[in-house]
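Engineer: Modelling step: build the complete structure from the supplied sequences, incorporating the hints.
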Amino acid sequence: MLLGPFFLIMGIIFVGGLIQALVQSLGYLPAFGMDSVSLEYYRRVLTDFRFISSLRHTFYIALTSSALSVALGVFVAFLVHKTKRSNKFSFTLLRVPIVIPHIVVIIMIFHIFFQTGILSRFAFAIGLIESAHDFPLLIFDRGGVGVIIVYLYKQIPFVMLMVISISRNIDSKYFQVAENLGASPFQIMTRITLPLLAPTILSAFLFCFAFGFGAFEVPFLLGSPARQTLPILAFIEYTSPVLDDRPAAMAINVIISVISLIMIWVYAKVLSILTKRGMEGAIV
Amino acid sequence: MRKKQPIYNALFYVFVAISCAPLIMLVVLTFSTFWPYPSLLPEVVSLDYYAHVFIENRQTLMAVVTSILLAFFVAFVTLIIAIPAGKAIACYSFKGKGFVKMLVLVPLIVPSVAVIMGIHVTMIRIGLTGTFFGVALIQTLFAMPYAIRIMTNVFEIVGKGLEQQASVLGAGTATIFIKVTLPRIMPGILSAGVLSFTVSIAQYITTFIIGGGRIITVTMLIIPHIQSREHHIAAVYSILLIVSAMISLYLTEKIVRRYYDMDNVVYV
Numbered sequence: 017m018l019l020g021p022f023f024l025i026m027g028i029i030f031v032g033g034l035i036q037a038l039v040q041s042l043g044y045l046p047a048f049g050m051d052s053v054s055l056e057y058y059r060r061v062l063t064d065f066r067f068i069s070s071l072r073h074t075f076y077i078a079l080t081s082s083a084l085s086v087a088l089g090v091f092v093a094f095l096v097h098k099t100k101r102s103n104k105f106s107f108t109l110l111r112v113p114i115v116i117p118h119i120v121v122i123i124m125i126f127h128i129f130f131q132t133g134i135l136s137r138f139a140f141a142i143g144l145i146e147s148a149h150d151f152p153l154l155i156f157d158r159g160g161v162g163v164i165i166v167y168l169y170k171q172i173p174f175v176m177l178m179v180i181s182i183s184r185n186i187d188s189k190y191f192q193v194a195e196n197l198g199a200s201p202f203q204i205m206t207r208i209t210l211p212l213l214a215p216t217i218l219s220a221f222l223f224c225f226a227f228g229f230g231a232f233e234v235p236f237l238l239g240s241p242a243r244q245t246l247p248i249l250a251f252i253e254y255t256s257p258v259l260d261d262r263p264a265a266m267a268i269n270v271i272i273s274v275i276s277l278i279m280i281w282v283y284a285k286v287l288s289i290l291t292k293r294g295m296e297g298a299i300v
Numbered sequence: 060m061r062k063k064q065p066i067y068n069a070l071f072y073v074f075v076a077i078s079c080a081p082l083i084m085l086v087v088l089t090f091s092t093f094w095p096y097p098s099l100l101p102e103v104v105s106l107d108y109y110a111h112v113f114i115e116n117r118q119t120l121m122a123v124v125t126s127i128l129l130a131f132f133v134a135f136v137t138l139i140i141a142i143p144a145g146k147a148i149a150c151y152s153f154k155g156k157g158f159v160k161m162l163v164l165v166p167l168i169v170p171s172v173a174v175i176m177g178i179h180v181t182m183i184r185i186g187l188t189g190t191f192f193g194v195a196l197i198q199t200l201f202a203m204p205y206a207i208r209i210m211t212n213v214f215e216i217v218g219k220g221l222e223q224q225a226s227v228l229g230a231g232t233a234t235i236f237i238k239v240t241l242p243r244i245m246p247g248i249l250s251a252g253v254l255s256f257t258v259s260i261a262q263y264i265t266t267f268i269i270g271g272g273r274i275i276t277v278t279m280l281i282i283p284h285i286q287s288r289e290h291h292i293a294a295v296y297s298i299l300l301i302v303s304a305m306i307s308l309y310l311t312e313k314i315v316r317r318y319y320d321m322d323n324v325v326y327v
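If you read the protein sequences in the order shown, they are chains E and P. Under this note's numbering, think of the first position of the first sequence as 17, with each following residue one higher. Under this note's numbering, think of the first position of the second sequence as 60, with each following residue one higher.
A hint or two may mislead.
To be verified - Residues of chain E clear of chain P, computed beta-carbon distances all greater than 12 Å:
id: 1; residue: Leu19
id: 2; residue: Ser41
id: 3; residue: Asp51
id: 4; residue: Ser52
id: 5; residue: Tyr58
id: 6; residue: Thr63
id: 7; residue: Pro113
id: 8; residue: Gln192
id: 9; residue: Ala199
id: 10; residue: Leu212
id: 11; residue: Ala242
id: 12; residue: Glu253
id: 13; residue: Ser288
What the hints assert, rightly or not - With a straight-line cut-off of 30 Å between C-alpha atoms, the simulated DSS-like cross-links for lysine-lysine are:
id: 14; chain 1: E; residue 1: Lys104; chain 2: P; residue 2: Lys313
id: 15; chain 1: P; residue 1: Lys219; chain 2: P; residue 2: Lys154
id: 16; chain 1: E; residue 1: Lys189; chain 2: P; residue 2: Lys313
id: 17; chain 1: P; residue 1: Lys154; chain 2: E; residue 2: Lys285
id: 18; chain 1: E; residue 1: Lys189; chain 2: E; residue 2: Lys104
id: 19; chain 1: P; residue 1: Lys219; chain 2: E; residue 2: Lys104
id: 20; chain 1: E; residue 1: Lys189; chain 2: P; residue 2: Lys154
id: 21; chain 1: E; residue 1: Lys292; chain 2: P; residue 2: Lys160
id: 22; chain 1: P; residue 1: Lys63; chain 2: E; residue 2: Lys100
id: 23; chain 1: E; residue 1: Lys100; chain 2: P; residue 2: Lys156
id: 24; chain 1: E; residue 1: Lys292; chain 2: P; residue 2: Lys154
id: 25; chain 1: P; residue 1: Lys62; chain 2: E; residue 2: Lys285
id: 26; chain 1: E; residue 1: Lys98; chain 2: P; residue 2: Lys219
id: 27; chain 1: P; residue 1: Lys160; chain 2: P; residue 2: Lys219
No wet-lab data here; the hints were simulated from the structure. All C-beta atoms, glycine included, are put in the ideal place defined by N, C-alpha and C.
Structural biologist: Written out as structure tokens, the structure is:
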């Protein structure tokens with residue numbers, strides 16, 4: 017079977033990893049002499065205020081960054097379409113952020129947005145602020161602005177590219193017919209373009225959301241120490257010298273995995289509804 | 060409509076500038092030895108940080124070699140998995156195809172931290188932690204979704220018509236793959252390979268946990284420098300990482316293009 021190698025890797029590493037996490041989260045770690053099974057660690061995690069605030073913060077970061085990425089990404093795709101620059105060198109420059117690793121983006125964003133960064137220096141030069149401390153705290157801040165900016169920088173071109181590659185395949189006859197029948201540009205936008213792009217926009221949203229939800233490096237290096245995302249909380253528990261913290265780390269991992277799997281399930285459901293509706297629209 | 064055109068153009072270039080300006084910042088950082096607060100430009104410019112990275116640090120060269128080798132190996136293994144998988148999803152109908160399509164995306168969506176910590180104990184037990192192969196195996200998992208997605212698109216465009224013709228004319232499976240399929244899917248293989256390569260060189264937490272500090276990639280050298288606020292040195296490493304990755308990918312593309320005429324094939 018052609019899918020054999022894929023199932024092998026998925027089965028051994030991915031499913032294996034999640035099962036291991038599940039087993040350990042129940043407190044079963046024979047290597048450390050812990051061999052009783054209980055839901056104690058889930059109770060501990062779910063009643064911990066750090067977990068609750070971290071869950072809220074993670075959702076906030078993921079939702080804000082993905083919503084903004086998708087909105088701006090679609091907008092940039094629209095600009096590329098209007099300016100007809102998709103074959104020019106400037107379009108290549110627009111895609112630069114896709115290939116730059118996140119940790120490199122972290123360095124760049126830090127020196128632009130930090131209180132002693134280049135923006136703050138400009139603000140000082142034109143007399144907007146009187147010292148570095150007057151510049152708003154955008155890195156290590158509780159609002160996660162620095163983290164979100166890194167995601168936006170990486171994801172806007174990504175969303176744009178997804179949208180453009182799909183819209184190239186849309187039959188231009190749809191637009192001509194609609195125009196001939198007297199549709200306004202607004203009607204064409206809401207009745208034809210957006211419904212045809214909806215599945216792509218949904219996928220883009222899912223990818224961005226999942227990244228914001230599960231990424232480690234960015235909130236680890238630019239986030240506020242007082243507001244940690246769930247993967248970092250799990251990592252802190254995991255690397256803690258207290259052995260009892262390890263099942264708690266795994267419980268957090270199981271919870272974030274379950275949330276992600278629910279996300280994929282919802283995505284599949286919504287996608288099938290969208291494509292069905294798209295088909296009917298195309299027939300009518 | 061006409062009136063709005065200049066606005067669209069201007070906005071387009073604003074986004075181009077936003078994409079590129081941070082890179083200029085990165086380059087300036089590597090040279091600025093002394094840059095006190097309110098000044099807009101560095102006051103002392105030197106090659107000190109480059110000297111530190113290239114001459115005073117013997118780990119550097121080894122890390123570059125490890126990063127690039129690891130990335131090539133991950134791209135290779137990922138392609139071995141992605142080419143047949145893409146073919147299966149694109150060209151054949153089978154039970155549970157919708158499920159498999161979703162399954163392919165799963166490693167992208169479930170946070171990598173959760174999977175890595177889970178598999179860590181097993182990896183220790185079978186002795187794969189701290190090994191090149193162990194790290195590569197895990198990175199492959201996270202490169203797979205991208206590569207399979209691209210290969211699926213490629214096979215959807217290429218189809219299997221030509222292969223069937225070759226088969227009718229009496230060509231064997233291996234001959235068909237090398238002479239018919241491969242030349243047609245080569246551009247897709249290249250872009251899937253490039254994506255897997257970039258996924259690998261950017262990985263940090265995978266290399267950190269599974270590599271156990273024994274597999275030192277450039278990314279592994281960058282993070283401690285960011286944590287200790289030695290951003291200038293981290294910036295030099297970043298440039299080194301980007302440049303060495305670009306050179307490797309450029310050379311690969313050159314070599315592939317020498318053997319395959321890429322202009323005649325559909326590019327995804």
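Engineer: Could you run down the list of hints and mark each one as holding or not?
Structural biologist: Quick rundown of the hints versus the structure:
1. Leu19: violated, 5 Å
2. Ser41: violated, 9 Å
3. Asp51: The claim stands: Asp51(E) keeps its Cβ more than 12 Å from every Cβ of chain P (closest is about 14 Å).
4. Ser52: Ser52(E) is indeed farther than 12 Å from all Cβ atoms of chain P, at 18 Å.
5. Tyr58: The claim holds: Tyr58(E) sits with its nearest Cβ about 15 Å from chain P, beyond 12 Å.
6. Thr63: holds, 21 Å
7. Pro113: violated, 6 Å
8. Gln192: holds, 16 Å
9. Ala199: Label holds. Min Cβ-Cβ 15 Å, cutoff 12 Å.
10. Leu212: The claim holds: Leu212(E) sits with its nearest Cβ about 18 Å from chain P, beyond 12 Å.
11. Ala242: At about 18 Å from chain P, Ala242(E) clears the 12 Å cut-off, so the statement holds.
12. Glu253: Non-interface label fails for Glu253(E): nearest chain P Cβ at 10 Å, not farther than 12 Å.
13. Ser288: violated, 8 Å
14. Lys104(E) x Lys313(P): holds, 22 Å
15. Lys219(P) x Lys154(P): holds, 20 Å
16. Lys189(E) x Lys313(P): violated, 39 Å
17. Lys154(P) x Lys285(E): holds, 18 Å
18. Lys189(E) x Lys104(E): holds, 25 Å
19. Lys219(P) x Lys104(E): violated, 33 Å
20. Lys189(E) x Lys154(P): violated, 35 Å
21. Lys292(E) x Lys160(P): holds, 17 Å
22. Lys63(P) x Lys100(E): holds, 14 Å
23. Lys100(E) x Lys156(P): violated, 38 Å
24. Lys292(E) x Lys154(P): holds, 20 Å
25. Lys62(P) x Lys285(E): With Cα atoms ~42 Å apart, Lys62(P) and Lys285(E) exceed 30 Å; violated.
26. Lys98(E) x Lys219(P): Violated, at roughly 37 Å.
27. Lys160(P) x Lys219(P): Cα-Cα ~20 Å, so holds.
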